[in-house]
Amino acid sequence: METTSGLFFSLVPLIIFAPLAGMLINIFLGQKLGEKGVGLVASLAAGTAFLVAVLQAISLGQHPEGAVVRLADWIHIGQLAIDWTFRVDTLSVTMMLVVSGVGTLIHIYAIGYMHEDVRFKNDIPRYPRFFVFLNFFIIAMLTLVSGNSYMMLFVGWEGVGLASFLLIGFWYDMDTLGRPSFANSNAAKKAFITNRVGDFGFLMAAFMMFWKFGSTDFDLVFAKVAEVAAHEPWVILWMTIFFLVGVVGKSAQIPLYIWLPDAMAGPTPVSALIHAATMVTAGVYLVTRSFPIFSLSHDAQYIVATVGAVTGLFAATIAVGQYDLKKVLAYSTISQLGFMVAGVGMGAYVAGMFHLMTHAFFKALLFLSAGSVILGMERGHHHLPHGDHHEVFDPGDMRNMGGLRKTMPVTFWLYIIGTLALMGLPPFAGFFSKDEILLDASLHFPHVYWILSAAAFLTAFYMGRQIWMVFFGEARHAAAAHAEESPLVMTAPLMVLAALSVVGGFLNFPGLHQFGGWLAHTLGEMEIPEFSFAVAGVSTLLALAAIGLSWALYGRNPLKVGQIDPLKKPLGLLFTGMENKWFVDEGYQLLVIQPYKTLAKFLAQTVDWDFWHEWFHDSVIARGFVGFTRFLADPIDLGLIDRVSYWLSDLVSAASASLGKLQNGFVRSYALSILVGVVAILGYLLLNAK
Amino acid sequence: MIPVTYYLALSAILFTSGALGVLIRRNALVVFMSVELMLNAANLSLVAFSRLHQSFNGQIFVFFIMAVAAAEVAVGLALIVTIFRSKQNIDLDQINSLKG
Chain H
1 METTSGLFFS LVPLIIFAPL AGMLINIFLG QKLGEKGVGL VASLAAGTAF
51 LVAVLQAISL GQHPEGAVVR LADWIHIGQL AIDWTFRVDT LSVTMMLVVS
101 GVGTLIHIYA IGYMHEDVRF KNDIPRYPRF FVFLNFFIIA MLTLVSGNSY
151 MMLFVGWEGV GLASFLLIGF WYDMDTLGRP SFANSNAAKK AFITNRVGDF
201 GFLMAAFMMF WKFGSTDFDL VFAKVAEVAA HEPWVILWMT IFFLVGVVGK
251 SAQIPLYIWL PDAMAGPTPV SALIHAATMV TAGVYLVTRS FPIFSLSHDA
301 QYIVATVGAV TGLFAATIAV GQYDLKKVLA YSTISQLGFM VAGVGMGAYV
351 AGMFHLMTHA FFKALLFLSA GSVILGMERG HHHLPHGDHH EVFDPGDMRN
401 MGGLRKTMPV TFWLYIIGTL ALMGLPPFAG FFSKDEILLD ASLHFPHVYW
451 ILSAAAFLTA FYMGRQIWMV FFGEARHAAA AHAEESPLVM TAPLMVLAAL
501 SVVGGFLNFP GLHQFGGWLA HTLGEMEIPE FSFAVAGVST LLALAAIGLS
551 WALYGRNPLK VGQIDPLKKP LGLLFTGMEN KWFVDEGYQL LVIQPYKTLA
601 KFLAQTVDWD FWHEWFHDSV IARGFVGFTR FLADPIDLGL IDRVSYWLSD
651 LVSAASASLG KLQNGFVRSY ALSILVGVVA ILGYLLLNAK
Chain X
1001 MIPVTYYLAL SAILFTSGAL GVLIRRNALV VFMSVELMLN AANLSLVAFS
1051 RLHQSFNGQI FVFFIMAVAA AEVAVGLALI VTIFRSKQNI DLDQINSLKG
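Sequence order for the protein chains is H and X. Sequential numbering of the first sequence, starting at 1, is according to our numbering. Sequential numbering of the second sequence, starting at 1001, is according to our numbering.
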């Protein structure tokens, strides 16, 4: 592993420096290059990263053991040595390909999307900034997946968090409808702070790792992990639990998923790239990368798998009750991340990574198509007669849509492909990857299987609901009737993603398992469960049943303007819960934020102000100081020091007064003094003269 | 030959009356004269001892003293004249400008 015998392995640092160059060019020249130039530079930068990733994959074909490329020293303190080192193996290159590949397509899409977005929001100079942030995200994400130690991974981990914050708050001075508001910047803060909770877990795990292993390098840690597990199994358990906290934060699992739906405040390419396809999969990558640690603790696997499965179902139920196009996809993303986390938690690393990859394709496709739909609605709204412009219009609300298959046919078909892939119908990509996770669960963790099957049913249902509401029926708003198709610069990347969503599943075709074999070079040979027609059949039937049910509710009788959701009646309170996200945000508000605010207010008002300022500073310190100075002033200074000096001065003046009397001005008395003195001295001399 | 004791006794009497004159009298001229008296009383005892010891040292010393006294008289009288001019009298008790 130490030498870089591969042809292209030594090129791997370019995967960071190409986007970095693009970012720097756009920072300094962005305003001069013009929109086309900025988009071209940023897309070329991302494309170069993709090219480098492809070259790595080619080299790996000849040298599947991979390589470790050391670029520079980073931290050397005592026995701690952390270098800036790139790790090229089948796992990291898979992630590089997904990140840079999907990233490049989304860069191209964003050229068209942001061109219109900055005009709808009346801030054209903000255009280059978007691509600077987008390139920065690519840099950070590739740092995350290419690092050779947990510390390098953490640098990327924090970098993508920052990129996510900057991009969610891209329109920081308005809300999602373009009105002046703090809503978007609050969403950005929510994402950042929630992620900070997860980062705490990651850091704790990294500290434990350094404490017990003396290093954070992947190879060094994995070499010692069996030894530590034999002597101190609690170390492994706690390390995995802390890693899970990090995963829960970054990959939006229960209970820290709440930031992801709000993250939809960012422009749609951001939602697609960061909050669906790549960044949120960092947690899945982390668990897969740490497989030697996780596979040693059955308890940890059980916890991770259960958290993933419960998240998968829980988020799916919320998605059923949402009306915002992107919110449905956001909860769907949380749910699908639950599938992945459950997969890698069960030890089905190949299945989890496979689902990560196919999900990146079809969820990016869905988000970008949703962006196309929203812009189409904006265009339609823009063409309306002027009087209607001042109403508050939400272009992302599905209740405003309907019948869009006629006005936006290309987007419609792309959306259908993405939806079928997400529903998990054969032969689309999602079918194969989801089926592998379900298959593994049915063999090892039956409760996970049941929960995930229910989630899969709901997935097909809410996607069906969305399709009927958005594309079928009649337009429920004039904007939907006048919606326009998006330009080719936006739809072309979607076609690539759609093609990948169709054929992506064949990368790991049952029985061949090319992808499993590819990852086996890194993860070691895994047990590959036999393809089960029972599992695949059940999940396909469930998906078809869900589609039928959604047709019965939303397709047969399309929603009318102002009509309440047809699910509300039969489900009653249950639907109210789904509609309101099970009041989780309110629960956080009540259980965490309010107590926290109360505590903060208590600390600020009572402890800091009343106790510390009023009492301690004013009473204890200030009054104590005054008392002490008064003590110094009155008894010490006035009583002792002054009195001594007064006494001295009195003494001097008394002495001078009495001596002054001698100087009485009578010459004769002086003469007498001289006489007396002479007599005295002479008398003394005479009497003592021996 | 007159014993030296007589001279010394006369010298002592002269010196004492000179000293008393300095201390008691207020007229600057009288005080001045008394100072002269004291000087000459000392001169007398010097001359007497010179005679006794058959040495000229005392006599030479007396010459010096007489020369110095002459100079002193010149300066002293000049001072007294000046004081008289400014204060219109020469009462020593009135001359107290340097009183502390």
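These aren't lab readings, by the way, just hints derived from the structure by calculation. One or more of the hints may lead you astray.
Just some of the chain X residues that point at chain H, by a computed CB distance under 8 Å [what the hints assert, rightly or not]: (1) Gly1021; (2) Val1022; (3) Leu1023; (4) Ile1090; (5) Asp1091; (6) Ile1095; (7) Asn1096.
Partner residues aside, some chain H positions facing chain X, computed with beta carbon under 8 Å [stated by the list, open to error]: (8) Leu675; (9) Gly677; (10) Ile681.
Pairwise CB distance ranges (calculated) [what the hints assert, rightly or not]: (11) Tyr646/H x Ala1074/X: 20 to 30 Å; (12) Gln1094/X x Leu662/H: 12 to 22 Å; (13) Asp650/H x Asn1089/X: 36 to 46 Å; (14) Asp650/H x Ala1070/X: 49 to 59 Å; (15) Asn1089/X x Ile636/H: 53 to 63 Å; (16) Lys1087/X x Leu675/H: 23 to 33 Å; (17) Leu638/H x Asn1089/X: 31 to 41 Å; (18) Leu640/H x Asn1089/X: 33 to 43 Å; (19) Val1068/X x Arg668/H: 35 to 45 Å; (20) Leu1010/X x Leu672/H: 23 to 33 Å; (21) Asp650/H x Leu1010/X: 50 to 60 Å; (22) Ala1070/X x Ser653/H: 29 to 39 Å; (23) Leu672/H x Phe1063/X: 54 to 64 Å.
Note that CB positions come from ideal geometry on N, CA and C, so glycine has one too.
Status of the hints after comparison with the structure:
1. Gly1021: Violated - the Cβ of Gly1021/X stays beyond 8 Å from chain H, reaching only about 10 Å at its closest.
2. Val1022: holds, 5 Å
3. Leu1023: For Leu1023/X, the interface hint holds, since the closest Cβ of chain H sits about 5 Å away, which is under 8 Å.
4. Ile1090: violated, 11 Å
5. Asp1091: violated, 10 Å
6. Ile1095: Hint on Ile1095/X: holds, closest Cβ of chain H at ~7 Å, below 8 Å.
7. Asn1096: holds, 3 Å
8. Leu675: Since chain X brings a Cβ to about 6 Å from Leu675/H, closer than 8 Å, the hint holds.
9. Gly677: violated, 13 Å
10. Ile681: Status violated, d = 16 Å.
11. Tyr646/H x Ala1074/X: 20 to 30 Å: Given a distance of about 53 Å, which is not inside 20 to 30 Å, the answer is violated.
12. Gln1094/X x Leu662/H: 12 to 22 Å: Between Gln1094/X and Leu662/H, where Cβ atoms are some 19 Å apart, the hint holds.
13. Asp650/H x Asn1089/X: 36 to 46 Å: Once the Cβ atoms are compared, 40 Å apart, the range 36 to 46 Å for Asn1089/X and Asp650/H holds.
14. Asp650/H x Ala1070/X: 49 to 59 Å: Roughly 51 Å apart at Cβ, these two residues keep to the hinted range, so it holds.
15. Asn1089/X x Ile636/H: 53 to 63 Å: At 59 Å between Cβs, range holds.
16. Lys1087/X x Leu675/H: 23 to 33 Å: holds, 26 Å
17. Leu638/H x Asn1089/X: 31 to 41 Å: violated, 54 Å
18. Leu640/H x Asn1089/X: 33 to 43 Å: violated, 55 Å
19. Val1068/X x Arg668/H: 35 to 45 Å: At roughly 23 Å between Cβ atoms, Arg668/H and Val1068/X fall outside 35 to 45 Å, so the hint is violated.
20. Leu1010/X x Leu672/H: 23 to 33 Å: holds, 24 Å
21. Asp650/H x Leu1010/X: 50 to 60 Å: holds, 53 Å
22. Ala1070/X x Ser653/H: 29 to 39 Å: violated, 46 Å
23. Leu672/H x Phe1063/X: 54 to 64 Å: violated, 31 Å
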